[in-house]
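> Next come the chains, spelled out residue by residue.
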Amino acid sequence: MKDKKTKVIMAKVALDGHDRGLVVVSMWLRDLGMEVVHLGRYQTVDKVVQTAIEEDADIIGLNFMGGEHLYFSARMREKMKERGVNARLMVGGIIPKDDIAKLKEMGVDAVFPAGTPMQKIVDSITQFER
Amino acid sequence: MEKQTTTLSISERYFEKPKRLKTWSGIPLKATYTPEDISHLDHARDIGEPGAFPFTRGIHRDMYRGRLWSIREICGYDSPQATNERLRRLIAEGESALNVIADAPTYCAIDSDHPLAEGNVGLIGVPLCSLRDTEIMMQGIPIDQVSMTLSVYIPPVLLLYLGAAEKQGVPLSRVRGTMLNDALSQSLVRYFGPALPQDLGVRLVADSLIYCNENVPLFYPLSVGSEGLRESGATAAQEIAFDFCIARQYLKEVVRRGGNVDEIARRVSFTHRCGIDIFEEAAKFRAARRLWASIVRDELGAKDPRALTYKVHVVTKGSDLFPQQPECNIIRIAYQALAAVLGGVQSLHTTSYDEPICLPTEKSALLAVRTQQVLAYETGVVNVADPLGGSYYVEHLTDQLYQEMRQIVEEWKEDIAEAIESERLMNLLQRQAYQFQREVEAKERLIVGVNAFIVEEEEEKEQGELHKPSWEAIKQHVENLKELRRTRDVRKVKETVEALRKVAEKKEENLIPAAMEAVRNYATLGEIMGAIRLAYGYTYDCFDELQYPF
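Note that the protein sequences, when read in sequence, are chains A and B. First residue of the first sequence? That's 0 in numbering that gives the first Met the number 0, and the numbers climb one at a time after it. First residue of the second sequence? That's 0 in numbering that gives the first Met the number 0, and the numbers climb one at a time after it.
You can take every hint at face value.
The list that follows gives simulated cross-link-like pairs (lysine to any residue, SDA-like), each with its CA atoms no further than 20 angstroms apart:
#: 1; chain 1: A; residue 1: K119; chain 2: B; residue 2: E438
#: 2; chain 1: B; residue 1: K302; chain 2: B; residue 2: E252
#: 3; chain 1: A; residue 1: K96; chain 2: B; residue 2: Q462
#: 4; chain 1: A; residue 1: K46; chain 2: B; residue 2: L545
#: 5; chain 1: B; residue 1: K467; chain 2: A; residue 2: A73
#: 6; chain 1: B; residue 1: K460; chain 2: A; residue 2: I99
#: 7; chain 1: A; residue 1: K96; chain 2: B; residue 2: E361
#: 8; chain 1: B; residue 1: K21; chain 2: B; residue 2: Y334
#: 9; chain 1: A; residue 1: K119; chain 2: B; residue 2: L445
#: 10; chain 1: A; residue 1: K96; chain 2: B; residue 2: G463
#: 11; chain 1: A; residue 1: K101; chain 2: B; residue 2: G118
#: 12; chain 1: A; residue 1: K96; chain 2: B; residue 2: C327
#: 13; chain 1: A; residue 1: K96; chain 2: B; residue 2: G448
#: 14; chain 1: A; residue 1: K119; chain 2: B; residue 2: K460
Here are a few chain B residues that face chain A, going by a calculated C-beta distance under 7 angstroms:
#: 15; residue: Y190
#: 16; residue: P322
#: 17; residue: L358
Chain B regions said to be covered by chain A (calculated; three or more residues, Cβ under 8 angstroms):
#: 18; segment: 119 to 133
#: 19; segment: 228 to 235
#: 20; segment: 424 to 435
#: 21; segment: 440 to 451
FYI, nobody ran anything at the bench for these hints, they're computed from the structure. No residue lacks a Cβ here, since even glycine has one placed at the ideal position from N, Cα and C.
The shape of chain B in the complex, shown without the other chains (with noise of 0.2 angstroms):
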C-alpha cells in the first residue's frame, strides 16, 4: 500500500501523469494520432460506408436511427414460476427483448432430480427439465411477441422453448431469439460440465442451424461465442479472432453436409464481452465486422450481404468488477455499455454491479436496466452510425486490431479444433488471468477500491441487500419434475427416446425433428441428452450416477 498512485500528496497529485500507456490488451499507445497514422488505409476497401462492405462502420446504413440495440438482461432464478415473474417485472421496467440463463444442472444436461444436482439447483439460473418448465416459464409471455436469448450451450433446451411455442399456438415460422448452442466454446472452457463431447456438440449445432433454417427462419440458433475465452483471459484481439475460428469450423460443417452458406451464415451470430477500455473496445467491434464479412465471402464463398455481417450480442465483461466499493461497479457497467454501443452492437446486456457479490437483486438487475435506458434515451450516442469513424485514433487501433485477428484466424486455421481438445488453448489464456493478476498485484495496472483509493474501514461495512435462494420455490420444482414423471405418458416418452437414439446414430441424418418428439412428449432434459450420448457411444449420464432407463 506505500509510495505510487495511492499515496501521492495533493501537490504530488495536483501534477500526475498517468503511467500505464497502454490500452487494456496491452497495445502501446502514442500521444496523438494524424492522418499519417491511417494513410495506409484504403477507405471504400477497409472502412467503407455504415450497411456496406465490410461492415466497418456498421451492419446497417442508419443504424440506432434504425432500429435501437435490443435491451436483453439476463434473467433466471430459482424456479420456472419465479423465472417468469422477473421477466414479467423487465417487460414492465422496458426491456425489449429477452434474456434467459438456466442453472448449472441444466447446463450439464442432468435433471433437477439428479444425485449430483442437489444444491446447485435453480442458483445460478432457472431449472428447465422439461416442456412442463418451459411452459411455466413463458406462462403470459406471448413468445410471437418477444425474441428470446436462451444463455444455454444445451441444444435441445431450444426444443423446450419451441416446445412451449406449440403449446401457446405459435407457429414456429413466427418465433424470434437466440441461443448459445456453442458447444466448441463450451468444450473450450468447461463452464458447465462434460455434457457435450466435441463430435456430438457440432453435430447437434450443425443439425440445430439446419433445422431451424428450415423451420424456424426468425431464430439464430447460433450463437458463437460464450463468456468464456475472455473472461478466462482473452484480449480483446484473441476474443474475436479465436471465436472467429470456431464459427468457421461449424459453417464447414454445415456446407459439408450441404447447407446452403448464404442462407446458413446469416442464422449465426455472436456474443461477445465488453470491458471498460472505451476505444478498444469499440474498435475491437469495428474490426471484427471487416474480418468476419470477409471471411465469410472470401474463404467460405458467400454472396449474400445478410450472411456477412457480424452481429452481436454484448454481455459487459464482468470480470472488470470488483466486490471492494461494489458502486463503483455501476460506473464500470455504464463505461462498458457505452464502448459497445459506441462499437455499433446490435443487443446488449448489462451485468448487476452486485455481482462479484452474489447474484443480482431485484433493485440490481432494475439498475441494469436503467443503464442501458440512460444510454439509449439522454446520451444522445444514438442519433449518429458510427460517431468514432474518421478519428485518426480510433481508425488506427481498429486496422491494428483487425491486422492481429487476422494473424491469429490464419494461424489457428486447421488445429481450433485440436487446439480446444488438448486444452492448449486454455493455457495460454490461464497464463493470460494469471499475469493480469501480477500486473494488479504489483499496481502496473490500478483498479480503484482494489488496489489504489482502498477505503480500510470497508471490511466492517454491511453489504445491504444480498439475493437470496428461494428454498421452497426450488424445492415445488423438484416436486414437479417427480410429479411430471409419475403422470406423464411412459410408454410414448419411451418410444420417443428409443426413436430419437437411433436417429442419433445415423450421423448425416438430423435428430432435431425426433428429439421435438420427444419433447412433446415430456421426456425430459436428461433422458434426450443421454439418448443422444449413448448413440454415439458415450455413457447415458455423464457424471456415471444414473442408467438409461428405457
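Next up, chain A with everything else stripped away, as it sits in the complex (with noise of 0.2 angstroms):
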C-alpha cells in the first residue's frame, strides 16, 4: 500500500457536457477518501495532461457520452507517451462493448460503461494501485 492518497484528475475533453456521470464519481471517489481534481467541462487532451504532470496523478478518468470516445482517447494516449505520463487512465460513460476491446488496445487501462455499480470502478482503482 501506497502512503499517499490516491490522485485522480477526472475530466471531459471534447465539447459535449453532460456530465452527471463524471461528477457522481467524482464525489464518490472523493468520499472514499481519494484525492479527486475535477477538471470538469471543455478540457483540452494538453490541459489535462498538463494537470496530470503538475499533480503528479495515479489515475486520469475521461467521460463521453457523445460517440467521441475512440478519437479522443487515442489522442489522449498519445499525448501521455509524449509527456511520459505514467498514470493510469479511465474512460466511462456511453460506450458500446464493441469499442471497450479497441480502448483497451489503444492503452486504456478500464473501462466503464453507463450503469456500471460504482463498487466495480472502485474495485479497479484499488486493483490499479497493487
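Both chains come to you apart, so use the hints to assemble them.
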C-alpha cells in the first residue's frame, strides 16, 4: 500500500458537456478518501495531461457521452506517452461493448460503460494500486 | 448481490411486498386515498374543467379528440444530407412533426472547420453552419407543411431555418415550430460550451420572441426547459418550478422592453422530461398547468386565456434508461410515454432504447415512433380528456406537487439568474444525483438488470446492431463548408456581419433583422455569434482559438 492518497484527475475533453456521470464518480471517490482533481468539462487533452504532470496524478478519468470516445482516447494516450505520463487511464460513459476492446488495445486501462456499479470502479482502482 | 429482493426464494417471493413506498422523487405515499384527502380542494379554483382556468385538467376542452399529440422524434446525424434522408424516413413512418438536434460544435456556436470541432462534427446531431446546411437538410420537405422543433439553444440557428423557408418561397408567416432557445437553462447546465453568456443569451431570446411575434406568428421561439434540470438530478417538482422561474425572467425582460405579455406569453412553450413514476409524472403536468396559469395571470398580468396555458413538449427521461438488458428500456419508455399522455402533454419524443449504449440506430428510432403509435391508436388513452381527474390519489398528489412547486417559485423568486451563475442551483442538483446513485448502490431503489435480476452472462453477449457515424458524410460536409467559404460573396458577408455587430452594440434594438441579412448572405453561425459576442465585449471565439476575420 502506498502512503499518499490516490490522486485522480477527472475531466471531459471534447465539446459534449453531459457530466452527471463524471460528477457522481468524482463525489464517490472523494467520499472514499481519494484526492480528486475535478477539472470538469471543455478541457483539452493538453490541459488534462499538463494537470496530471503538475499534480503527479495516479489516475486520469475521462467521460464521454456522444460517441467521441475513440477519437479522444487515442489522442489522450498519445499525449500521455509523448509527455511521459505513467498514470492509469480510465474511460467511462456511453460506450458500446464493441469499442471496449478497441479502447483497451490503444492502452486505456479500464472502461466503465454507463450503468456500471460504483463498486466496480472502486475495485478497479484498488487493482491499479497493487 | 446478496439477500434483499434479488435473492428471495420462490416461497418468499410469493409473499413479497414492495419496499420503497415513495414516488420516484421521494414523496411518501399512503396505502389508500379517500375523499378526505381532497376535501381541502375547491373544484372550480384548483381543478376546473379541461380547457378552462386553471387548466389543471388540460389546455383544451376535448384534448386528444380535438388533436393528437405531435409525434416528434429527435433526429440529427452525420451531415445535413444524411439528416435529410432520416427526416424523410421518419415522415414516411408516420411522424406528425419534426425535431432536429444539432451536433456539439453547432451547440457551441462554432463552425465545423473550427480547430476544436474535429472529432465532434456530426456525432450527436446535425452540423448546421450556414443557410446552405439548412437548405440541404430541408430539401424536398416543404417547410410550410411541417412543424419543426429546433433542439438547439443557439438563437441564430432559428434564422438559418427561416432562411431555408425563404429559399423555398415559404412566407415566414407560415413557418410553424418551436425552438429550445433557452439561454438561461443552457447556462445552468452548460451541456454545450460557454458560447452563450447570460446577458447576451437573454437579449437574444427576448429579441427572438419580439421578432417572431411580429414576423413568424405561428412559431414558438422559446421552449423553456432543456434536458438539463431533470437529467442532472432535479425532482419532478423542481424541474417545473425552476423552469418557471426562468420563463418568468424572460417574460419580465420582454415586458420591460415594451412587449405585450398577452401576445408574448402565448409564444412561450416548455420542454420537459417524463420519468417512469406514472402517477407522479401525470400529476406533475397537471400541477404545472395550474401553477403556470396563475403565474402568468396574477404575477405578469396577462388576460388572454391562450397566454395562460402551459404547452409542453416532452422527452422521455434518458437517465431512467440503462445499458444492462437494454430491451427493458423499451418497456420503460412505453411507461414514460403513457405517463406523459395521461398528463395531457402536447408533443412527445420517445427516446430510443439503445441510447445508453450508442446513438440510435435506424431500427431503434423506428421502434420509438411505433411506441407512440401503439399508445395513440391501440390503448384508448386518447378517448377521454384528463382520464385521471377525480382520482383521490392523483388529485391529492397534484395538489401536493403544486404546493411544492409554488414554494420553490416563491423562494427563488428574485435570484434565479444568480443561482445559475454561481452554480448554487447546479450544486443542489448534483447532490441529488449523488444521493440517487447511493440509493441504487444500496438497493434502496431497485432497477431491473442493474441492481436486481442481473444476468451474469450478459457481459459476454453481443449488443447487436449499433449506430456508427458515417465519416465519409461528415468529411463531405466539412468540404462543403470550405467550398462555401471560397465561393460566397465575401464582401457582402463582411458588410452584413459588420452591420450586425453595430446593431448588437445597441442593446435595446432588435438584432434579428440584421442577423437575418447576414444569414441570407451565407455568413456562418460562428461568424454571426462571434460578431454578437464582440459587441458585448466577449472574445470573438468562445474557445479563443480564432480571431474576428473581418
